[in-house]
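Participant: Sequence order for the protein chains is Y and U.
According to our numbering, the first sequence holds residues 1 to 298 in order.
According to our numbering, the second sequence holds residues 1 to 358 in order.
Please keep in mind that the hints were generated in silico from the structure rather than gathered at the bench.
It cannot be assumed that every hint is accurate.
Residues on chain U that point at chain Y, a partial pick, calculated with CB under 7 Å [unchecked claim]:
| no. | residue |
| --- | --- |
| 1 | Pro182 |
| 2 | Ile322 |
| 3 | Gly326 |
| 4 | Ile334 |
| 5 | Leu340 |
In this text, a Cβ means the ideal position worked out from N, Cα and C, and glycines have one as well.
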Amino acid sequence: MMFLLEATISGLMAGVMYSLVALGFVLIFKASGVFNFAQGVMALFAGLTLVGLMEKFSLPPWAAIIATIAVMILLAWLIEFLVLRRLVNQAPIILFMATLGLAYVLEGLGDILWGSDVKLLDIGLPQGAVDWLLDDYNLYVERLEVAAAVTAVIMVVVLAVFFQKTRIGRALRAVADDHQAALSVGISLRTIWVIVWSVSGVVALVAGIMWGSKSGVQFSLSLIALKALPVLMLGGFTSIPGAIIGGLIIGVGEKWAEIYMGPIIGGAIENWFAYMLALAFLLVRPQGLFGEKIIERI
Amino acid sequence: MFYREAGQFKTSYRADQALFPIAQDRYFVIAVVLAAFVVVPFVITDYWANALLLPFLIYALAAIGLNILTGYCGQLSLGTGGFLAVGAYASYKLMTAFPELNIIIVFLLSGLITAMVGVLFGIPSLRIKGFYLAVATLASQFFIVWLFNKVPWFFNYSATGQITVPPREVLGFLVTGPNASPAATYLFTLGFVAVFALMAKNLARGNVGRSWMAIRDMDIAAEIIGIRPLKTKLIAFAVSSFYIGVAGALLFAVWLGSAEPTEAFGIDQSFLILFMIIIGGLGSILGSFMGAAFMTLMPIFLKNFMVDGLGVQPALSEHVQIVLMGTLIIFFLIVEPHGLARLWQIAKEKLRIWPFPY
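Take the sequences, apply the hints, and build the full model.
Facilitator: Rendered as C-alpha cells:
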C-alpha cells in the first residue's frame, strides 16, 4: 500500500513536470491556432541560455533568470517578425511545419552559442528527499518535484488571473475565440502574438529550469516535447486546466503501468504508453477531456 | 512559346484522358525515365548510388506514400518512421524464413504486411481528426520501434539487436548485401519506384483518388454526397502504408544493408519525410520526387560547401547545418507554401506565354 502511494505521488510529480511543457503548447495553440512543436526546444534553449549566462558572465541566478526572460521575449518578437507575420492565413499544417523548422534553428543556435555538452543547472532549488515524509511515513518524495508542483500551481493561478482579469488577457481570449472579430474591434494580432509567444517562452524557461535541475541541461531536454504531446492530447489542445489534469493522469498512469505492466511485457514502455493511454481517452472524447467541442459545419 | 499545346488536337477520349496530355510533358518524362534507366547505370559509381541516388529514390517512394495519406486524403501522420520499420522487418523476416522466395515477392509481401498494420493504426482516424490524429499516429511510431527493440523474434535473436540483410539475386544480379554492384541496386530500386509512382499517379486521378480529395477538402460534405469515410480513409491508410512499407524494405535491404530500429526508423525519419512532401508540394506525385531530391541533396550540399568550401570545422558545421536547414525550411514555407511542385507549375505557365507578359 505504501509502495503504491509512493508510486502515485511520484507519478503525480512527474505529471506536473509534463504539464509545465504542455502549458506552453496550450497557450500558443489557444491564441494563434499554431501547433508549436518548438516548445520543447524552447525549453532547452532557455535552459542553455540560463546556464550559459550564469557560467560565462558569472551572473547570480536571479539576474540570469531576468536576462533569460529578456532573451525569450526578444526571441518571441523575432519569431513573430520573421516567421508568423509572413504566414498569416496559411493552413495549420504549414504553420506546424514552420515551427518544426524553428525547432531546428533553435536547437542549432543553442549548440553554437553555448556548446553541446551536458551542463549542470543549479539555481539553488532544493534537492534530495523531503525529510519528514521519509522519516515519519517512509515515503520518498523529491524536494525538487515538490518545488516543481508548487511552481506549476503558482503559474496556473497567475495565468488564470492574467487570462481572466487583465485587459491583455481578455484580448487574448478574444483572439483565441475569433481572429477576425478580434481584429475588427481593434485588437492588434501582432502584439497579441508577441505577448503569447513571450509568455510561453517564460513557461518554457520554467520547464527548462525544472527539467534542467533534475537531469542536467542537454539535448535530450528537447525531447520532453514528445512527453508533453500525449498530455496535451488527453487534456485537450485548448484547455489550461486540461494540461494540468492531463499531465497528472499521464504521470500516474505511466508509473502504475511501469510497475504492474512493465515486468510482464518487458520494460521501457514509457516511450509509448502515454500515447496509448491518451489514445484510449480520445476514442471516447475526440477533443480531449477539456477541449472545446469540435463543431463542424458545411 | 516553348510550352504550348496549340495544335495538339485530341480525337478520342483516350487521348484526352492520357497521363500526360501535352506532348512536351510526355517527351520530357519519357526522356527523363529513359536517361534514368539507360544512361545512369553506365556512369553510376558507388558514392553516387549510396549517397545520392538510392536515398533519393527510396525517400521519394516513401514520400509518395505519405503524400497519398496526408496530401491527397488530408490525414496528417507522424508515424512514417514506424511504418518504414514494419516494411524493413517484414522483409527481413520473410527473407530469412523463406530463403528461396524471390526478393520482389518478398518486398511486395512486406508492403502488404505494412498495409495491414497501417489499417490497424488508421482506425482511430475515423474518430480523431487534425492535430489530435497527428499526435495519435505518434503512438504507432513509438510503439512499433519499441516492439522491434524488445521482441527478439523480430531480429532473429541476434546478439546486437540489429538486422542484417542476406545476399539476394534478381535475374542473376546481386541486389542486396555489401557485394551488390551499384548499377544493380540502383536499377532494382528505380524499377520499383517507377512502377509504383505510375500506379500512384493513376490512383490519384481515378475514382479512389477523387474520393480521397473529397474527404480531404471537407469530410462531412463528402459523406453527404455518398463517399464512405470509413472505406476511403482506410484505403488511404492501406495504400499509403503499402508504399511506405516497400520503401522501408528497400531502405533496409538495398540501401543500408543493416539496421537498428531506434536509429534508422526514429521519429526524425517521420519528420524528414513530412518535410519532403511539404517542401515538394502536398497532393502532388511530382512534388514527392522534388521534395525527396531537395531534402537528400541539401544536407550533402551544405556539408560540402561549408567543410570543403569554407573550411569550417566539421563539428561546428553540423550545428550550422541544422540552423541553415531550419531556416531554409521556414524560408520555403514563407515563399511558396504550396511547395516546389507549385513553382514548377508557375515556371511552365511562364514558359507557355513567354516572351509575352500574358
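Participant: For every hint, state whether the structure bears it out.
Facilitator: These are the hints, each one checked on the structure:
Annotation: interface hint on Pro182(U) violated; nearest CB of chain Y at approximately 31 Å, more than 7 Å. Below 7 Å, beta-carbon pairs count as interface contacts, and Ile322(U) has one with chain Y at about 4 Å; its hint therefore holds. Annotation: interface hint on Gly326(U) holds; nearest CB of chain Y at approximately 3 Å, less than 7 Å. The restraint placing Ile334(U) at the interface with chain Y holds, with a minimum CB-CB distance near 4 Å, inside the 7 Å limit.
With 7 Å as the threshold, the beta carbon of Leu340(U) stays out of range of chain Y, its nearest partner Cβ sitting at about 14 Å, so the hint is violated.
In summary, the numbered hints that this structure violates are 1, 5.
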